[in-house]
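Asks: Please build the complex by placing chain B on the supplied structure of chain A, with the hints as guidance.
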Amino acid sequence: MSKRDMSEPKAELPHGTLDLLILQTLQTLGSLHGYGIARRIEQLAGTERLSQGAIYPALIRLEQQGWIGTEWGMSETNRRVKIYALTKAGVAQLQLEVQRWRQATALVARFVEAKS
Amino acid sequence: MTPRRLLRRLLALFDARRLDDELDAEIAAHLELAERDARAAGLSPVEARREARRRFGGVEAMKDEHRDTRGVRWLDTVARDARYGAGALRREPTFAAIVIGVLALGIGANAATFTLFSAVLLKPMPFDDPDRIVQVWEAPRPGVSNATTTLDFLDWQRLGTAFEAVAAEDSGAMALETGGDPVRLAAKRVTVDYFRVFATRPALGRFFGEPDGRPGADPVVILSHATWRTFFGASPGVLRERALLDGRPHQIIGVLPAGVFEQDETAVYTPLVFTPEQSSREIHWLTVSARLGPGVTRERARDQLRAIRAAQPEVTPVFKREWTIEVEPLSQLLVDDTLRRTLIVACGAVLLVLLIACANVANLLLARGATRTKELAIRIAIGAGRGRVVAQLVIEGAVLCLLGGAAGLLLAWWIVTAATPALRGLLPPSAVVSLDWRVLLFTLAVTFATVLLSALFPAWHASVRGMTAAAAGLGRGPSAPRAYLRKAIVAAEVAMSVVLLCGALLLAQSLGNLLRIDPGVRLDGLVTMSLDLPARTYPSRERAAQFTEALADGLASAPGVSRASLTTFLPMRWVANGEVLWLPGVERPVRVRFKRVAGDYFDTLDIPLIAGRGITRGDRAGGPPIAVVNQTLAAQIVTAARVPRPVGLTVRLQYVTFGQAVETFAEIVGVIQSERTGNPRVPDPPVLYVPLTQAPDPRLKLIVRSDASPAAALGAVRGVLRAVDPGIPVADVMTMREVHDRTYRGASRPAWTFGMFAAIAILLSTLGLYGVLSQSVAQQRRELAVRLALGAAPADLVRRTVAGALRLVGIGAIAGLGGALAFAPVLRGLLYGVSALDPRVLAAAVAGIVTTGLAAAAFPARRAARVEPALVLRDDA
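Chains A and B are the protein sequences, given in the same order. Those letters in the first sequence? Residues 240 to 355, per this note's numbering, in order. Those letters in the second sequence? Residues 89 to 965, per this note's numbering, in order.
Bound conformation, chain A alone (with noise of 0.2 Å):
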């Protein structure tokens, strides 16, 4: 009943992916605030997979890092809100990350399939 619990995201994002994933999506999609780059990732992983609120930490990290930059703008409700947006370094970030990714992936992939 501890209030940590609820802060754990539920069917659970592989770890360490959650910063590729906001990076990419700003890649794709350009500039959002948080609430789009929520609803970007739910559209592509599954509403299961992510407390939307779990994003903010994560973004305050990469905002940290010099990988996104901000800026305030307005929402479609007429609200003030942060716009989050790729930073150069944060480009190469995410080539670096996804670079990262793909060969973690064939490593256990290949480990997966090896036969004896």
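Please keep in mind that the hints were generated in silico from the structure rather than gathered at the bench. Beta carbons: idealized from backbone N, C-alpha and C, even for Gly. Heads up, some of the hints might be wrong.
[Claimed, not checked] Covered stretches of chain B (in silico footprint by chain A; criterion: 3 or more residues with CB under 8 Å from a CB of chain A, positions within the stretch not fixed):
1. 107 to 113
2. 380 to 386
[Claimed, not checked] Calculated cross-link-like contacts (lysine-lysine; reagent style DSBU-like; alpha-carbon spacing at most 30 Å):
3. A:321 to B:151
4. B:575 to B:408
5. A:327 to B:462
Replies: Below, chain B without anything else, positioned relative to chain A:
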């Protein structure tokens, strides 16, 4: 983590509110958008809102994670705990004030003592490469420093390649004429290399050059910074002026920089030019300073000087065959052994005070921890880690310690500011007493030590109790703690107080002994002053003898002066050594101290005559040479010469007068009772008195007994002096009582310091004892009530409480006596006339601590006796 991210995270700590607000705005916007989309998908407004929140997840948990991610968690926690601790303390201002006050006392006393310690022993002297500045002495015996002769100095200067510069000095006084009465200034004659030894630059003009040291050179003078300000209005045009010194105009060529030389009392420096008569290997009159060459060790320089002497054995006088040469660092000379010892003892004492303060604070925090068991148990029960709870308590303690440290620093500043004028005369002139970065660093370190000593353990202890309580369930607190720990801490406090009390009592006893010393002279109704005969107007022994006789005769008939006397050294003051006498038929010379007196010296000072006669005004320059000895010397003569009594014996004397070695025969005509000469810890030295008229000296002390006021006596002396020589100023006017206090004041210093620390320590440990006893009475109320209800007499309960107190004090006192034994060797050198293990003093210390222990127990005991069984048992039921 990239450095950029680390920086951003640290910055985020200071920007937490803005970031929280921004996050709140984003969450609100997010939920609004989600709700709108849900409604668009056909949900009712209520369902849409619920759905939006469900999909978002836990808001508060996410915010926590957001904070953890963007900030530095432990720093954030520390800040939060510190805020929480400060808040808790604001709710308990009395507790906070007591703890901060106790710590401020402990830390402040330490910071103040360290300030002195650092000023005297740690700070480098304000010269370039001070390590290279040395003093060169002749050493007749190990540990004895002696001045040197002109020819030896010239040898060292010429052949001492280990040195960059070697300089000699001779201290004296000069009369500066400024229009009115002449002023007596402390003066040094120095060889022209003198300032090269210290590697300083003049504030104005130049230092001496080689031509200034040639015989017959025009007289020049360098002024101290203070003299420049006082007598020449700090005028930059001073270099065009001449100063009339000892009746002769001296061209002013330079002014010394402010700073270290300013603290030396020397006002004017003139070049030291050797006369042909001074070319001797027998007259030891020069103090030698030198600057070592780069990379040269003191040992190498010393060996070189010894080798120079060994290479010319034919010129070294016979009596110096066993002498050697020592090269000592300058700093060693500036700090005498007593001062060093005093400082070390004071540091030890003040450290004990700090330990006691920490013990007290630890005890207070332990007691407070006990009252917070329930709060901690709840925190542990809801999932706070044990480490978190300890950290929170330690940080609360640290807040207290930091506040205590800050208050202590203020206290130290106040103590140092208040004490500096009184310390001036006791510290070496090079000591600059100030709260500097060393003191700040030290105080910080001490404060962290107090955190470790006083906060860590109580925090751990409280967390244990919290865990126990959490495990046992919260309905009832754990059973009353047995408080062994707090009792042990109090016993330790008592022990440390006993050590300090012993020290304070021993030093007080020693001070009393010093002040009770019979100075051997009368103190009341005597005025003393100094005067110096200028070398120009008194170039010869004959002129000086004439002056001495005229002054003594004039004073004898002066109105308001009942007795008057001239001497070379005041009573209770150091007497120069170096003179020797030979007894008939004894080859080995006797080393004596030489005091030249004129007028009615023994009568003026009431020094009793034991045999023969004293020195009177009848002993004139041309008369038969005579001498008077003190008891110490009389005893030595009786032993060495195998004669029944010294009076009537004719001895051969060798001494220096007006720069000339003199050998003469003199008859011992009397023995007087020894008067004290300076350091009370060494036995009276052998002193030989000769008539000043027969062995004249230009540096004179005048002692006048007057029935009138000192001011009237001074007026009378001035009148006589004006008639004899109006060009001679008098200075250093002091009563004999002041001379006495100056000599013995040094001994009062450790006694006062120690006494103050002991008083603080006893106050703190009494408070500690009182705290423990009242708490234990409060905790035992139930038990006491039951006992009373069962028929125990209130007197029994009082006895039990008092017995508990005495047990603690007894254990502490025994441990404290052990500590006093360990401390004894350090203290021994500072004591006079009392053993460091004096049983009466130890007993008094124990009695004192037992008395305060009983006083601390009185209130809790009364409270124990007044427990109302009916009330207590009903409350607890």
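Asks: Examine the region 380 to 386 of chain B: at least three residues should have C-beta closer than 8 Å to a C-beta of chain A.
Replies: violated (count 0)
Asks: Between residue 575 of chain B and residue 408 of chain B, is the straight-line Cα distance small enough, at 30 Å or below?
Replies: Distance ~65 Å between residue 575 of chain B and residue 408 of chain B Cα, so the pair is violated.
Asks: When you check the alpha-carbon spacing of residue 321 of chain A and residue 151 of chain B, does it fall within 30 Å?
Replies: holds (16 Å)
Asks: Within 30 Å, alpha carbon to alpha carbon, are residue 327 of chain A and residue 462 of chain B?
Replies: Distance of about 55 Å is beyond 30 Å: violated.
Asks: For the region 107 to 113 of chain B, do at least 3 residues have a Cβ located nearer than 8 Å to some Cβ of chain A?
Replies: holds (count 4)
In this structure, the earlier hints numbered 2, 4, 5 are contradicted, and the remaining ones agree with it.
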